[in-house]
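Residues per chain, in single letters:
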Amino acid sequence: EAGVAQSPRYKIIEKRQSVAFWCNPISGHATLYWYQQILGQGPKLLIQFQNNGVVDDSQLPKDRFSAERLKGVDSTLKIQPAKLEDSAVYLCASSSTSSVQATSPLHFGNGTRLTVT
Amino acid sequence: QKEVEQNSGPLSVPEGAIASLNCTYSDRVSQSFFWYRQYSGKSPELIMSIYSNGDKEDGRFTAQLNKASQYVSLLIRDSQPSDSATYLCAVLNQAGTALIFGKGTTLSVSS
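As you go down the protein sequences, you meet chains W and Z in turn. For the first sequence, the residue numbers in the numbering used here are 1 to 117. For the second sequence, the residue numbers in the numbering used here are 1 to 111.
To be clear, the hints were calculated from the coordinates, so they are not data collected in a lab. Note that the structure is predicted; figures quoted are calculated from it, not measured. For each residue, glycine too, the CB sits at the ideal point set by N, CA and C. Wrong hints could be hidden among the right ones.
Below, simulated DSS-like cross-link-like pairs (lysine-lysine); rule was C-alpha separation at most 30 Å, straight line [as the list claims (entries may be wrong)]: (1) Z:Lys56 / W:Lys44; (2) Z:Lys103 / W:Lys44; (3) W:Lys71 / Z:Lys42; (4) W:Lys11 / Z:Lys56; (5) Z:Lys67 / W:Lys62.
Pulled from the structure, derived: some chain Z residues nowhere near chain W, Cβ distances all over 12 Å [claimed, not checked]: (6) Leu11; (7) Ser12; (8) Pro14; (9) Ile18; (10) Ser26; (11) Asp27; (12) Arg28; (13) Ser32; (14) Arg60; (15) Gln64; (16) Tyr71; (17) Ser73; (18) Thr106.
Chain W is faced by these chain Z residues, among others (derived, beta-carbon under 10 Å) [stated by the list, open to error]: (19) Ser49; (20) Asn53; (21) Thr86; (22) Asn93; (23) Gly96.
The following block holds chain Z by itself, in its conformation from the complex (with noise of 0.2 Å):
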């Protein structure tokens, strides 16, 4: 069974500043990985889909990829109040069917 690991935090940033969210997978032969946004109460939405090494950018969000050290990671640029929310870091399972999630990094961005 792959395992999807993150901090849970919270991770605490001012407006405006670079919230960085990491995450390491264990099954080297992961191909594709995906950030999901999960606002209190409400259920996962994607932000960002990434499945090359490098950088793949979305408006404020950066996806990182590296994956001969099995880490993937999300920028957000430009933090907003609105952007508090739990960050969930999910892989493909090996029959490429279905999502395996971490447990999330929670995010709080203070004006």
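Only chain W is shown next, with the shape it has when bound in the complex (with noise of 0.2 Å):
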């Protein structure tokens, strides 16, 4: 099956611009998630979505941070205007189950490496 599909790879931005993310989960998997990791930190949340409706976002900066997934498939996180502390990897993950277990793991995509300048 395919995995994840993330893009870009890389996106090099000055402080205050927008940018966005996109992401295709593995076809079928309902649940889908965005993490940002900050170099030598672990993968830090940011807001799980259940096939178009939005489970948890608590951690989500949502003063900059947007993100949607309209058709339940997949989807477009946004920062704007972005800040110097947002310079990490955005991962996006999906399950094919609500709940997490060693049956319906979370595949990870290969990441947005964001750098902010």
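Once you've looked at the hints, go ahead and assemble the two chains, each given alone in its own frame, into the complex.
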């Protein structure tokens, strides 16, 4: 099966600019996650979708970050305006069920590396 | 918010040795635990999951869970240079729907 697809792989922008990341999950996976991984740290959950509904966005900085999954398939994460501290790898993951377990683990994409200068 | 703590390392072991990676978690009611491996510049990949107290073995990997001590570990036997990576410990959130990750431990296996 095809994996989780993300684009672009790399993005360099100046602070205060806007940027968008795209993710296409594994076919049939209802649950989609966006994680932020700052260098030297573990992934931090930003937002979780179940189909096209938001399950958890408690750690999403809503003053500058937004995400959508309009048709319950692919998703877009946007940052506007970007800050220096947003430099990180943005990982998209998907799961076949709403509960994470060994039989339905998270599958990660290759990520988008964002550098804000 | 649950917390997952790991020693960031680096942990250096010679080839063929046993590497021991440790993780503690703050929420006593946590039930499900996962170990992910992340090579430099790559995305995390699942190695093992563990739900019950005790040991769970899969090839050269053994996960150990002690819920009373809120402690989970990963042992890698016969370590190989290809095992050099960052190992992330993750705990399922209260809703059971997403993973909370530790900072990861960097393992370096020298030949």
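Tested hints:
1. Z:Lys56 / W:Lys44: Holds, at roughly 27 Å.
2. Z:Lys103 / W:Lys44: holds, 10 Å
3. W:Lys71 / Z:Lys42: holds, 28 Å
4. W:Lys11 / Z:Lys56: violated, 41 Å
5. Z:Lys67 / W:Lys62: violated, 35 Å
6. Leu11: holds, 15 Å
7. Ser12: holds, 17 Å
8. Pro14: The claim stands: Z:Pro14 keeps its Cβ more than 12 Å from every Cβ of chain W (closest is about 25 Å).
9. Ile18: Given that every Cβ of chain W is farther than 12 Å from that of Z:Ile18, nearest at about 24 Å, it holds.
10. Ser26: Nearest chain W Cβ is 14 Å from Z:Ser26, so the label holds.
11. Asp27: holds, 15 Å
12. Arg28: holds, 19 Å
13. Ser32: violated, 7 Å
14. Arg60: At about 18 Å from chain W, Z:Arg60 clears the 12 Å cut-off, so the statement holds.
15. Gln64: Since the minimum Cβ distance to chain W is about 16 Å, Z:Gln64 lies beyond 12 Å and the statement holds.
16. Tyr71: holds, 18 Å
17. Ser73: holds, 17 Å
18. Thr106: violated, 9 Å
19. Ser49: Holds, because the Cβ-Cβ distance from Z:Ser49 to chain W comes to roughly 4 Å (cut-off 10 Å).
20. Asn53: At 16 Å from the nearest chain W Cβ, Z:Asn53 fails the 10 Å test, so the hint is violated.
21. Thr86: Result: holds, 9 Å to nearest chain W Cβ.
22. Asn93: holds, 8 Å
23. Gly96: This interface hint holds because 5 Å falls under the 10 Å limit.
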